[in-house]
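Asker: As a plain string of letters, each chain reads:
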Amino acid sequence: MMPPVDQSLVLVKHAFLACLASHVPWLPAWCIDCLSGLINIGAVLAVFLTLFALISVMERKILARIQNRYGPNRVGPFGLLQPVADGIKMLIKEDVVPRNADKLVHYLAPLAMLTPAILALCVIPYGRGMTPVSIDGGILFFFAIGSATELAVFMAGWASNNKYSMLGAMRAIAQMVSYELPLVMAAVPVVMIAGSLSPDVIVEAQGKYLFHTVPQWFVLTPWGAATFLLFFTAGLVESNRTPFDMPEGESEIVAGHMTEYSGFKYALFFMAEYFGMFAVSGLAVTLFLGGWNAPAAWLQFIPSWIWFFAKLSVLLFVFIWIRGTLPRMRIDHVMSFAWKFMLPMAFVCIPAAALWHYAGRGPAGWLLSLLLIAAAGAGLRKITGIGEKFAPRTYRFAE
Amino acid sequence: MNIAAFSLLTIFTLATAAAAALLPRLIHAALCLALSFIGVAAFYALLGAEFVGLVQILVYVGAVAVLIVFTILLTHREDGKGVSAMNWGGVAVAIAVFDGLLWAILKTPSLMGATANSEPITVKQIGITLTAGYMWPLQCTGILLTAAFIGALILVMEEKR
Numbered sequence: 001m002m003p004p005v006d007q008s009l010v011l012v013k014h015a016f017l018a019c020l021a022s023h024v025p026w027l028p029a030w031c032i033d034c035l036s037g038l039i040n041i042g043a044v045l046a047v048f049l050t051l052f053a054l055i056s057v058m059e060r061k062i063l064a065r066i067q068n069r070y071g072p073n074r075v076g077p078f079g080l081l082q083p084v085a086d087g088i089k090m091l092i093k094e095d096v097v098p099r100n101a102d103k104l105v106h107y108l109a110p111l112a113m114l115t116p117a118i119l120a121l122c123v124i125p126y127g128r129g130m131t132p133v134s135i136d137g138g139i140l141f142f143f144a145i146g147s148a149t150e151l152a153v154f155m156a157g158w159a160s161n162n163k164y165s166m167l168g169a170m171r172a173i174a175q176m177v178s179y180e181l182p183l184v185m186a187a188v189p190v191v192m193i194a195g196s197l198s199p200d201v202i203v204e205a206q207g208k209y210l211f212h213t214v215p216q217w218f219v220l221t222p223w224g225a226a227t228f229l230l231f232f233t234a235g236l237v238e239s240n241r242t243p244f245d246m247p248e249g250e251s252e253i254v255a256g257h258m259t260e261y262s263g264f265k266y267a268l269f270f271m272a273e274y275f276g277m278f279a280v281s282g283l284a285v286t287l288f289l290g291g292w293n294a295p296a297a298w299l300q301f302i303p304s305w306i307w308f309f310a311k312l313s314v315l316l317f318v319f320i321w322i323r324g325t326l327p328r329m330r331i332d333h334v335m336s337f338a339w340k341f342m343l344p345m346a347f348v349c350i351p352a353a354a355l356w357h358y359a360g361r362g363p364a365g366w367l368l369s370l371l372l373i374a375a376a377g378a379g380l381r382k383i384t385g386i387g388e389k390f391a392p393r394t395y396r397f398a399e
Numbered sequence: 001m002n003i004a005a006f007s008l009l010t011i012f013t014l015a016t017a018a019a020a021a022l023l024p025r026l027i028h029a030a031l032c033l034a035l036s037f038i039g040v041a042a043f044y045a046l047l048g049a050e051f052v053g054l055v056q057i058l059v060y061v062g063a064v065a066v067l068i069v070f071t072i073l074l075t076h077r078e079d080g081k082g083v084s085a086m087n088w089g090g091v092a093v094a095i096a097v098f099d100g101l102l103w104a105i106l107k108t109p110s111l112m113g114a115t116a117n118s119e120p121i122t123v124k125q126i127g128i129t130l131t132a133g134y135m136w137p138l139q140c141t142g143i144l145l146t147a148a149f150i151g152a153l154i155l156v157m158e159e160k161r
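Protein chains in written order, with this note's numbering: chain A, 1 to 399; chain B, 1 to 161.
These are calculated hints, taken from the structure and not from any lab test. All C-beta atoms, glycine included, are put in the ideal place defined by N, C-alpha and C. It is possible that part of the hints are untrue.
Partner residues aside, some chain A positions facing chain B, computed with beta carbon under 7 Å [claimed, not checked]:
1) Gly137
2) Leu140
3) Phe141
4) Ser147
5) Phe154
6) Ala194
7) Leu197
8) Glu252
Here are some, though not all, of the chain A residues that point toward chain B, as calculated from beta-carbon distances under 7 Å [to be verified]:
9) Asp136
10) Ala148
11) Glu150
12) Leu151
Take these sequences, add in the hints, and give me the full structure.
Answerer: Right, dumping it as structure tokens:
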């Protein structure tokens, strides 16, 4: 019962390519392949640039709501044309490069930052048969490309020849390296249960329904829920979002590695941050929230890509919500949280997923893996003394 | 088309590797080294070893290059001064290592009968080979890494009050 709307975009593309092949017979096959790839990449860029424009205004609107303000409401209806105004402003601003900066590296850093984010977006399945670049090791590709961002941050921090930039870059790299481990480890149980590194197969593996209403998403199992939380937290760090935005903590180090950037280069950094956020959220949707699958079998009449973007919007809203409510963490707390809690928990989730699998993927496995994760969580709380940090504070000199 | 890709990649990898060896500023050299790692990863992808290529990027660009860059930052800065144009000791070591690797490659019997194979190797095949034929080394590596991880954790745990 696949709805016709669902595949309409794919069919239009195939019809266009077939039409081209039949009308221009001298065109070699690899040209058609290249064109097909270019169309996919163009679609990814168009969709996510639009989403970027939308989210930048939505973020300000939502933050304003949380802080009891109006937010941007002057440009266009409801302030919706604000991104256009922002874009024009960024383009006509002066591009200041410090005299002692390493000009070439300073110039290349924003590009090196944005490229991995766009590449990472290309392996995520946006709908049934709508993966822009379908590769066998898609999940691995995502993490491999994502790890290149650290070098870009370093380039920006170092080339600016500014103490604040360098400090920000050091912080950013330290926390990105630390949280990359939990991020990758949190994806391992899913890869194990689905038996593949391919995002398409992982989405397919979550496509079944219990009584036609309860989806079989991985987030609905104890190990899946635990790894989802770990993945999402690590994702917050990787995209340098509050409460983990010390690299650009404006109260201490101006804007971190972006201090010496202005005009459109700054806009590119901004864009890279949002694209990274889209990529991490997209991968979280793919790994844990069933990808483009509908939440119930009788809801499949709505196209798969609408479901994907609906789930993506929910996660993006949570990103903004967290930014509006949580204060910034301290750098040493962030680092010790990664090594003392996140990473051991991510490791525990792997045997928990194995228990769930070998106990027949039923209620028994559900209970066993829940017990294991709860026991590990309680044990870690005891050993590391994280629980003490949440105890009521006693003040000696103030009341 | 493969020939064209191969030659382009060769030029790219060799040029960035040469830049890594010859640029006077250490940071530039490190960044060029990262680029040449990407070139090597592209070679793997071209040979159908997609998995190895991705791991190459993950490990070498994501970890080793960052480690090198951090090491440069944390050690004494010389700003290109005092670095002589040619380090003959380094050249000798490089030639020795290259000869050793070449000798090892030429002596490997399984490489002699290798033919051009366009069929890419899937991740599943690698997994099956690893768990079926190389269980013992795999487990040893696992234990080693777990020990390293626990050691790192214990180092972090001892927090000065």
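Asker: Hints first: check each against the structure and report whether it holds.
Answerer: Each hint, compared with the structure:
1. Because the smallest distance between the Cβ of glycine 137 of chain A and any Cβ of chain B comes to about 5 Å, under 7 Å, the interface hint for this residue holds.
2. Of the supplied interface hints, the one on leucine 140 of chain A holds, with its beta-carbon coming within about 5 Å of a beta-carbon of chain B, less than 7 Å.
3. Hint status for phenylalanine 141 of chain A: holds, given a least beta-carbon distance of 6 Å to chain B, under 7 Å.
4. Using the Cβ-Cβ criterion of 7 Å, the hint placing serine 147 of chain A at the interface with chain B is satisfied: the shortest such distance is roughly 3 Å.
5. With a cut of 7 Å, the hint placing phenylalanine 154 of chain A at the interface with chain B holds, because the nearest CB-to-CB distance is about 5 Å.
6. This hint is violated: alanine 194 of chain A has a C-beta 12 Å from the nearest C-beta of chain B, more than the 7 Å allowed.
7. Checking leucine 197 of chain A against chain B: minimum C-beta separation of about 5 Å stays under 7 Å; hint holds.
8. The closest approach between the C-beta of glutamate 252 of chain A and any C-beta of chain B is roughly 20 Å, which is over the 7 Å cut-off, so the hint fails.
9. With 7 Å as the threshold, the beta carbon of aspartate 136 of chain A comes within range of chain B, its nearest partner Cβ sitting at about 5 Å, so the hint holds.
10. Of the supplied interface hints, the one on alanine 148 of chain A holds, with its beta-carbon coming within about 5 Å of a beta-carbon of chain B, less than 7 Å.
11. Satisfaction of the interface hint for glutamate 150 of chain A is found here, the shortest Cβ-Cβ separation to chain B being roughly 5 Å, below the 7 Å cut-off.
12. Of the supplied interface hints, the one on leucine 151 of chain A holds, with its beta-carbon coming within about 6 Å of a beta-carbon of chain B, less than 7 Å.
Of the numbered hints stated above, those contradicted by the structure are hints 6 and 8, listed in ascending order.
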